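**Student:** Each chain, written out:
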Amino acid sequence: MGDIMFSFFKSREPKKPKRTGTEVPEDSQNNSSTQIPKSIDKVKGLLNQEFSLCSDFILREVLLGKKNTRIIIASIEGFFDKAILAENIIEPIINYSGEKSYSSIFTLLSESILSVSDLKELYSFKSCLDGILTGDVVLFIDGEDKAFKIGLKSPEKRAVGEPDTEISIKGSREGFTESLKTNLILLRRRIKNTKFKVESLVLGKQTNTDIAICYIQGIAAPEVVEEVRNRLNSINIDAILATGYMEQFIQDGKMPFFPMVGNSEKPDKVAAKLLEGRVAILADGTPTVLTVPFLMIESFQAQEDYFGEFYFASFMRLLRLMSFFISVYLPGLYVAVTSFHQTIIPFKLMLTMAATREGIPFSSFIEALIMVITFEILREAGLRMPRAIGQAVSIVGAIVLGDAAVSAGIASAPLVIIAALAGICSFIVPPLMKVGAILRIVILIAANVLGLLGIGFVTYMFTIYLCGKKSFFVPILSPFAPFRGESLKDSFVVAPIWSMFNRPRSLTQDQNRKRTTGKTFAPRGSKK
Amino acid sequence: MSKVKLSNFQLAVIAIGYFHGSTTISNPAIGAKRDAWIAVILGTLGGFIVITMQLYLSKISKGKNLLEIIEFCFGKTTGKILCLIYILYFMHNAILDTKAFSEFMVTVSYPETPIIVIVLVLIIIAVYAARSGLSVIGKSCEVLVPLLPLAIAIVTLSLLKVTDFTGFKPILLEIPPVIKSSFDLVSSVFADFIVFLMILPYTNSEKGRFKATYWATGISGLILLVISSRNLQIIGPALIEYVRYPSHIAAQLIPTISIDPLVDMNLLIGGVIKVLVSLYAISKITAEIFHIEYKPLVPAFGLLIIVLSFWAFPDAMELYSWEHSMGETLISIPPQLLLPIILLIISLIKNKREQNGQKSQSA
Amino acid sequence: MLKVIIGILILVLLNLKELITSPSKGKVMGVYFVIVGISLILGILLSIKKAPPSPYEIIMVIFNNMGLGDE
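Chains as they are written, first to last, in full-length UniProt numbering: chain R, 1 to 528; chain U, 1 to 363; chain H, 1 to 71.
Calculated from the structure, these hints are not laboratory results. Quantities reported herein were computed from a predicted structural model and do not represent experimental measurements. We put the beta carbon where it would ideally sit given N, CA and C, even for glycine. Just to be clear, a hint being listed does not mean it is correct.
Chain H stretches covered by chain U per the calculated footprint, using a threshold of three residues with CB under 8 angstroms from any CB of chain U [claimed, not checked]: (1) 15 to 29; (2) 34 to 44; (3) 49 to 62.
This is chain R alone, in the form it adopts within the complex (with noise of 0.2 angstroms):
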């Protein structure tokens, strides 16, 4: 299968006419824009003149040896430290005592002068350009057509931390940064294998952001890695400036009503994804990685359920499946039985209920669509409000909007009970909470129309509209259907780690999917 890989990858090479994306290794060959001038000046005035009102743009004019050859090099500041310049690059130069007999200055400068551990050579003007946009150093020499850069960057970057939105209580809580490179280190220290395969390429016209396909090859289905290279090298886009722009345009189907690509800022997760088969697409400048496929049980999976406590993992995940359906369901529920199916609520719970709607204007369809979108409103707020006035709105959120709607007629209580508890299990499915949102509302207005019928209607159609889906060739709703007993495993409950003997059937053609041999048991002891 490695040949394979390969040969995919080598294909690659000639630039097909429609791609948009560039690839490393740059500048192979000569291929697109201009030469390097080789006079200095001419180099100069084309540097000064791209650079122009760019007030961070150095130019550093040296020269070397004794016949004073003129080099200059360019770059940006911020990106690094100039102290590194001036001692591995400038210092060196300027020293240069010229002993040493040479073939061309740039052999000369390579393998004698600059005391770099990043070096390569430039062909082309427009890669020069790049390189110094990137953050790295160009030196340019006078009478040559060549040009190399020097990788220096020590870039600004938040530190690894716990990423606010994934908490973990076992595990590491470490999370990503917005800064490629770190983020590569932290999913390779994880998996220190050299199948662990990671493709560069550069997205967005104006943007220009790297962008890393990881995958382990030998897991990973050869089709899907193709596919996600196919899709992000034709995304043809101004800028990428969160992996989820690029999430919208290799997702299936244009405007799919339910996540398709898993998010997530942790490494631990991401590195666990990876082994299962699945492929990671990271961003420079974004903490988010996106894995593909994606199945919808992936969302219901947090990693603490690996941590032993199996017993737990099991309750805890068929509570968080339950709470997704309590989330969507339970307020349309409440609109169909009060409105249609008044029989099936028990007589003293009705006289309650009859009790407290007394005196509301509004039908109960009414109260709890304003319940519903009120607490969407309080959650958007609370994430936007600064932290110095959190208090005071969550007291204002909580008190006044709960209890006082209650007490001047305008809910009531049992559906502020309601729509808070549907809002609060949202919160515990993260990446179903945008759909959830929406299926709350959709189903409040079946069930007004039409009962548990319209209920019905609208679960079923959605399922129907989700078993067609699929995910990068896997179909989203795996291992329920199609039914794939083993991988159940994994699903509403979750079964000990050493019994998980096979990788996902779904997720991986490998053919020999062993991923552990069970459990053994170190003898006890000796006999005696």
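Could you slot chains U and H onto chain R? The hints should help.
**Tutor:** Same frame as chain R, but now just chains U and H:
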């Protein structure tokens, strides 16, 4: 059209849903009153026989669907005309099911809703699913059909307290009603499996088909047994003839809470699957006759089913009288029994001829 | 009666795009409009209550006459 194959599990699941769709509407075994359970068992056995015959037909036809089998036996033009019988028959099934479902819903739960709304609900789901293709049908059934036995189990278990098991005796006071009921059961529930001859060629493996279908038949029979016995015990043999919707009454008789909408949801799933499969079969056959794709035809046939259901059974009484007349049984005999047997015989003869022909050619 | 016609029109409009872009336009549209046509006629007849008797009634009458009786 995709080359996607159904798995045998999906086949079984669709079959269970299909059989169930026919049962909850009108349970013919009730005619045998006390001995309904015997009627059910006999009916299931009869069902096994008829289904085996139909499965065998599919097997010796080696991957042809119903239309192709008929063409193989009767030639292209006569075959296409004969298919009309099946189109009409499946249409009849769909209409019956639609009307029964909507009448039930309107009578029981939604007395003030215009019946067209409920009919639309059913047909829209069926059209959407049929258009999405076999693999989606299979997957959606995989997810939803397990809810059927679950709901029935919940209702039955909740009723255990109120059930008395004395209603079974005396056994076999009168034999003819039992026999008649079991025949009715076979013809209205199990023999309709002929529809699946349009789907069978697209399942995964040939060997698994028999096993999967037998499992489905067995499970459906078991479910029917549980339902009939439970209804009989709860409502009592004397009253059961006069109750229009026994399962619903049974659910209402649960002591503390009343969860009869659970039964309604059961009906929705079963009813949809039956209409769905019939709709799919009709569209596929028509499409293959004219060599066009079937997807655009599905909504058209859905519309036709809606209109025809109103024309054929203008009100609930018409439906009732038709169901309980000989007409239903008589009308279903040709497509379910006669024609398949004829097809079987002709296919066997033709296959033998081909084999002999090949032998003499190679000799 | 108006409702029937409007309903059917909406259905046809929704399906029109698919009909037009299908490979074998002629046949598909032919079959489609035949079926929709039948429904339209029947629907209109039903809504003005001039519908012919349902086929099941006819069958029942035939069976009765043939002596198969009903229960």
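**Student:** Please list, smallest to largest, the hint numbers that this structure does not respect.
**Tutor:** none
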